[in-house]
Structure formats: C-alpha cells, structure tokens
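Peer 1: Sequence:
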Amino acid sequence: LRMKLAECADASDGPSTSAAPQHTNFSVRVILSEAETSEEVPLERVYVLTVKDRRSFSSVLPLLPPLPERLTHLKRINGERVVVCAYDGDETIPDLEEYGRLSECFVPKEKPLTRRQFDWAKERWPTAFHPNKELESLLSASTDSSLLSSIRDFLPVLRATRPTCVVVRRGQQVASGTQGGGIVAHASLRAVRALAAAHRNAMARAKAAMAAVTRKRSQPGAASPRLLVADCAASAAAAAEGGEERIVVPPLSSLDYLATGADVFLTLEPCAMCAMALVHARAARVFFAKRTTNGVLASREPARLSENYGCLTEEKSWQLHLEPLLNHHYRVFEVIFDDQTEEQKQNGESNGQEEEEGARCGALIGGGQVVDREESIEVDDMDRGDGAQWEDEGEEEND
Numbered sequence: 301l302r303m304k305l306a307e308c309a310d311a312s313d314g315p316s317t318s319a320a321p322q323h324t325n326f327s328v329r330v331i332l333s334e335a336e337t338s339e340e341v342p343l344e345r346v347y348v349l350t351v352k353d354r355r356s357f358s359s360v361l362p363l364l365p366p367l368p369e370r371l372t373h374l375k376r377i378n379g380e381r382v383v384v385c386a387y388d389g390d391e392t393i394p395d396l397e398e399y400g401r402l403s404e405c406f407v408p409k410e411k412p413l414t415r416r417q418f419d420w421a422k423e424r425w426p427t428a429f430h431p432n433k434e435l436e437s438l439l440s441a442s443t444d445s446s447l448l449s450s451i452r453d454f455l456p457v458l459r460a461t462r463p464t465c466v467v468v469r470r471g472q473q474v475a476s477g478t479q480g481g482g483i484v485a486h487a488s489l490r491a492v493r494a495l496a497a498a499h500r501n502a503m504a505r506a507k508a509a510m511a512a513v514t515r516k517r518s519q520p521g522a523a524s525p526r527l528l529v530a531d532c533a534a535s536a537a538a539a540a541e542g543g544e545e546r547i548v549v550p551p552l553s554s555l556d557y558l559a560t561g562a563d564v565f566l567t568l569e570p571c572a573m574c575a576m577a578l579v580h581a582r583a584a585r586v587f588f589a590k591r592t593t594n595g596v597l598a599s600r601e602p603a604r605l606s607e608n609y610g611c612l613t614e615e616k617s618w619q620l621h622l623e624p625l626l627n628h629h630y631r632v633f634e635v636i637f638d639d640q641t642e643e644q645k646q647n648g649e650s651n652g653q654e655e656e657e658g659a660r661c662g663a664l665i666g667g668g669q670v671v672d673r674e675e676s677i678e679v680d681d682m683d684r685g686d687g688a689q690w691e692d693e694g695e696e697e698n699d
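Residues 301 to 699 in the working numbering are what the sequence shown lists, from first letter to last.
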C-alpha cells in the first residue's frame, strides 16, 4: 500500500534531529503478510454431488459426513451442487448415485481475510466472510487522516542524521533514544529502557501515595478518605476552593505498561533485538524510514522460528512482526521520501552507515530520555567498549 502525501513538516520537541525540508513528499507502505495482501486464497480439491432434483437435498444432507474443521467456512450447498467431503479425507463416501453425479471441484481452502479475496473466492464457491475493518482501512487507497497526521508530526525523527527512536502515546512524546556505541545502545533499546525507568518511578510514586492515604486513614479522628488526584494543578485548585487536603498520585498514562498502545518512530529499520524489545514493550504501531541490512520488519522472505530452539533456521531476513508464535503483534509502516533514490524505493535499501558506524564505535554517543508531565528522567547508558556489564545508578542489575 502506498499513499502519496505532500505535507509540511513541523518542528519536533524530541531529541536533536536534522530538520526535515519545509515541504516533504513521501509515501507510506504498510508491511503486511502475503495472506493479507493477496487478492486470491488457496484452493483445495473436494468431492461434490450435483443433484438431479434440488428437492432431494433434504434426503442427501443427512447422509453426508461433517466437513473437516478447516473447511467449515464453506457453504455446503451451491446451486445444484453440495460438498460431500474433502478429497484426501478419511470419510467413507456414501452411495449417492440415485441422487446425482459425483465429481471433483476446487473450493477456497481458507476463509477470505479481505473484501477482494471474498469477491474472488465466491466465484469459486460460496464462503463465509467477516470484514476486518482495520485491515480494510490499511488496504484502502483512501487517505487515513489520523495516520498521516501522526507521521507528519514526527518527520524530523524519520529523517534524523543520527539513528533515533521516539515513543508517542496519545499524540505526546513519552520517551526517546538515540544511537550509542555497541548493540545494547541501539536507539530502540535506549527508548525502552527509558520507558522502563519511568514506569518503575511512576509505580513507586503511586505506592507512596497509597501508603500516605493508608496512614491518614489509620490516624485517630481521621476525616473521610482523601481523594486521589492525578494532576497537581487540579489538586491545588480544588484545595484552594474547598480547603480539603488531597493526595497527588501519578497520571494514569504514567502507569501504562511501557509502550502499550503507543506509536514508535524510528530513523532506521530495527534489528531483531530491537524489534523484539518493541514486542515486549507492547508497541501498537512502528514507523521507520530506512531499511537496513540486518532489519527484520521489511523483508519479503520471512524465515521461521525453530520449534526446538526458538531461533532462525534459515539464513534469511525475517518479518518478525508477522511471526504467529509471538504473543503480541504491532503494525509496521515504512515511510519512503521522494528524494530517496529509485533503487532505495524499489529495493527498500539504505546505506545504513549511521547504524554500522555506531555499532563499531566504543564510546557513548547517545542517550535515552523519557518525557513526563511531572518530571523528566534521563537514562544515560554507558557502554565502555570493554564488554563490561552496565547498570543504572540506583537500580538493581536484574531489573
């Protein structure tokens, strides 16, 4: 899917990036599975009975074996024909000569996922179909204004000269990271670590607030339970009006688990480690601008996980977000700018020099930052280049 845009790039409050051109033309490619983008569905051979008289269906249907689970999406009857059983099934075909002629037929093997697949499949055999509104909107050529607005607001991140990652929840930047030296200092990992630090901080503040409420209630002659307020300004205003003491707890958004429901904007396509970090962080959507040689989201030849060891079994790239064995999946969008070369547009290749140079560098050249309404926490990951383990000050090593 490619959606053509001509949008003005606004300035960002995020990490330092190179300014995007005032008017930037770009297109968006939604990276979906082949099963979702194909206009056809696989076919399977079955036995069908063409009846002499349609009134005989009432006598024929009780004689037929039930369809296997994989074919339950099919309508049993199509005009004067009825599906008897799968071609390779174990069922015993009853004697149906008196009712009509038995023959072979190819029918949709799988339930259609999209309207286009349904239109194609029903020409072969009637089948059940339940529209997926989200998938249809992704496949539609119409412009999704909310999606385009999300991308437009963070064009500077996508075009940054230094590999950058920004996490956005409900339109607000909540964390960011820039490329550092070594594998553990990739931009995505820095941003996730910053989110983890913020989450622990918010949980600690919430526990402290609840402990204060408990202490107040346990005091002799304590008044009615104090109200918990998520916003400091609202608490101050309420106290000024009513004179009632209130205890402030962190905003609810601070307690959301890492990147739950958030958008992630990346300069470079993430590697396997970074992509898995975003899976564990429960990101909702991932946007990136440049493909990389070790990226795992944009390949058209996904490898498979080994059932025994959980690792790649073939030396191929991998569309990790489409792996069915994962317990969380996010949508992936590739943003392609018009000033990229034709080779980059067609093959999805980028020089990836920023990432490779950053990985070879042993010195710290970036950091992670989390943005919060009440405080700003900066996570400075130190990679000394000698293979030593690092840990944040004041945190346990196993966090």
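Wrong hints could be hidden among the right ones.
To be verified - Taking lysine-lysine and the DSSO-like style, the derived pairs with C-alpha atoms no more than 27 Å apart in a straight line are:
#1 422 / 409
#2 409 / 375
#3 352 / 433
#4 409 / 433
#5 422 / 411
#6 375 / 411
#7 422 / 433
#8 411 / 433
#9 507 / 433
#10 375 / 352
#11 375 / 433
Unchecked claim - Taking CB as the label site, the calculated pair distances span:
#12 404 / 452: 52 to 58 Å
#13 431 / 334: 32 to 38 Å
#14 352 / 436: 14 to 20 Å
#15 436 / 512: 47 to 53 Å
#16 515 / 560: 29 to 35 Å
#17 504 / 428: 29 to 35 Å
FYI, nobody ran anything at the bench for these hints, they're computed from the structure.
Even for Gly, the Cβ is constructed at its ideal location relative to N, Cα and C.
Peer 1: Each of the hints needs a verdict: does it hold here or not?
Peer 2: Against the structure, the hints:
| no. | hint | verdict |
| --- | --- | --- |
| 1 | 422 / 409 | 12 Å, holds |
| 2 | 409 / 375 | 12 Å, holds |
| 3 | 352 / 433 | 41 Å, violated |
| 4 | 409 / 433 | 22 Å, holds |
| 5 | 422 / 411 | 11 Å, holds |
| 6 | 375 / 411 | 11 Å, holds |
| 7 | 422 / 433 | 20 Å, holds |
| 8 | 411 / 433 | 16 Å, holds |
| 9 | 507 / 433 | 40 Å, violated |
| 10 | 375 / 352 | 19 Å, holds |
| 11 | 375 / 433 | 23 Å, holds |
| 12 | 404 / 452: 52 to 58 Å | 54 Å, holds |
| 13 | 431 / 334: 32 to 38 Å | 20 Å, violated |
| 14 | 352 / 436: 14 to 20 Å | 41 Å, violated |
| 15 | 436 / 512: 47 to 53 Å | 50 Å, holds |
| 16 | 515 / 560: 29 to 35 Å | 31 Å, holds |
| 17 | 504 / 428: 29 to 35 Å | 51 Å, violated |
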